[in-house]
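> Listed below, chain by chain, are the residues.
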Amino acid sequence: MIIARFNVYYAVFWLVLILMTVFMLLLIGGLFIYGNWTAITDICHNAEFHFAIIFTLWTTVLATLLAGLTAIPCGYLLARYNFPGKVLVDTLMDVPIVLPPLVSGVALLILFGPILGDSLAKIGLDIVFSERGVVVAQWFIATPFAIKTFKNAFSSIDLRLEKMARTLGYPPEKVFLRVSLPLAKNGLLGGLTMAWARTLGEFGATAMLAGIVRMKTETLSVAVFLNMSIGDLQFSLVMAIIMLLLALALLTILKIVTKTEVHL
Amino acid sequence: MNNLLTVRNLHVKAGNFALQNINFNLKHNDYMVILGPTGCGKTLLLESIAGHHTPNKGAIIMQGKDITKLPPEKRQLGFAYQDNPLYPFLSVRENILFGARARKLESDKQTLRYMEQLIETMGLTHLLERPPHFLSGGERQRVSLARALLTRPALLLLDEPLSALDPQTRLLIQNLLKEIHHKEKLGIIHVTHDFTEAMHLGTQIILIKNGQIEQVDTPRDLFFRPATPFAAQFLGRKNITSHKTRQPTGQASLKCHDGQIIRSSPNCWPVFVDSISFNGSYVEILCSGNGYWKVIIPLTKWQDLNLARGDTLQLSINPEDINISSSESHMEQPGVSL
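Protein sequence lines correspond, in order, to chains A and B. Those letters in the first sequence? Residues 1 to 264, per this note's numbering, in order. Those letters in the second sequence? Residues 1 to 338, per this note's numbering, in order.
Quick caveat, the hints were computed from the structure, so don't treat them as lab data. Quick reminder that beta carbons are idealized off the backbone N, C-alpha and C, glycines included.
Computed from the model, here is a short list of chain A residues facing chain B with C-beta under 10 Å: (1) Arg160; (2) Leu161; (3) Met164; (4) Thr167; (5) Gly169; (6) Pro171; (7) Lys174; (8) Pro182; (9) Lys185.
If we strip away everything but chain A, and leave its shape as in the complex, we get:
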């Protein structure tokens, strides 16, 4: 632990950190204080609440797994190889991070609607205004985060360990499974946690591609929006508290998994 001597610069830094911490605590505490605890117990038995929780869980888990499966090859290749147009490909992967989710949703709607909609419908894969659309939107928003983290995880591997495995008799695919994946494990788990956190909070792209339909495409975020729009503040508050608890749990797991130095 570093104990800094009193210094005006450090004092300002500490002041900003303390103010920021107080602000975050007030923000979180406000939700709990303002919430009506009787209403919370009632809402816990509400069918819409159950639907939103279960729907959010399965869509986010599925979208995160798909993001992971997409990000492994993309992250590995971007970390390991130099090829013509790599900068462009790398930038394209970042597009969903910089685009507002609503704009991403519009782009997805156009791609899976007018452009690919009919072809996909013929093979029974309706994406627009369906549960699949929710997964696609969440996957699209989460994948770039996973690719970025996975790429960093693969880049940080000592290449000599992979080369040595080849010399010891492992073909490239086994080197990937036996050496690269275990070595990148922490980074990959961190990336998946980030991706899952991102899918949990997804609203804009989901709203555009899958629509805001009660008990059909109703994730926790959508449920907060729907109930706020009809003035049911208590329902929205419960949803917000649950999302907040999930986010806190996820971030804590992320820090433990990625071994970020945090003193409790």
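On the provided structure of chain A, position chain B as indicated by the hints.
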């Protein structure tokens, strides 16, 4: 067929750097040291032999078989890198068995017996269940060697295996390498930039400069008869001067050993003592006069000389110790007719 490995006219390009026209033979039981300064292409050459770089030209032949296009996993070589990276997610025992597992030999009785032998030779018995991050540099080196040897390679490739070790551990591992080489009767190619390490271990030395072979020789011949000014400089010679020769006419470089310049003998010339430094068992004297000269005096003889900075000395060189080669590098010395 006497050669374990033949490297013929090898050219390998890696980014802006290239190995060019590499030719050498490695006999069975040879301990070959690839010597050269940092960035001269030693590791690239070793990794090319291991199959991690595709040559642009040339051939690598092992035990009579062309392995130039063979993937690394089919070359049956052992490899140990600088800093001895171990798999952090495996224990010491699992690290040693890692190569055997790839060849499905982890349950083979002979392999397990050999592993026990190696563990004993390397003194690793008490470390087997430990994770690698609890090991010291020397312990990591021994695990790395055991892992490379367990698959019984015909050729062991070592990339600066001693560079990260303290002097005592380095000496221990050097002796261990000699013992392994003698006991296992396998060919070894050892990359280093340390010339004393090369002299201590090698039966053959390849000196590399800027991706090209400068000299291939036995340690003794390389030391006593460096072929080029670069070779002499790399071996620590300070007494290298450029001169004109009468027969054949042209420019040549003269090299002589540090300790072979003596005081007061026939055919001597005057020099001034520029600096005196004590280096343990010997004293190093730098002199100037018709060039710059380094004189090494054993500490036992130092007292009799009674020398001080600024003194004048008479120096001479034993003609047998003069080594002349054509001068291909610029020497900042006045031309002297020999």
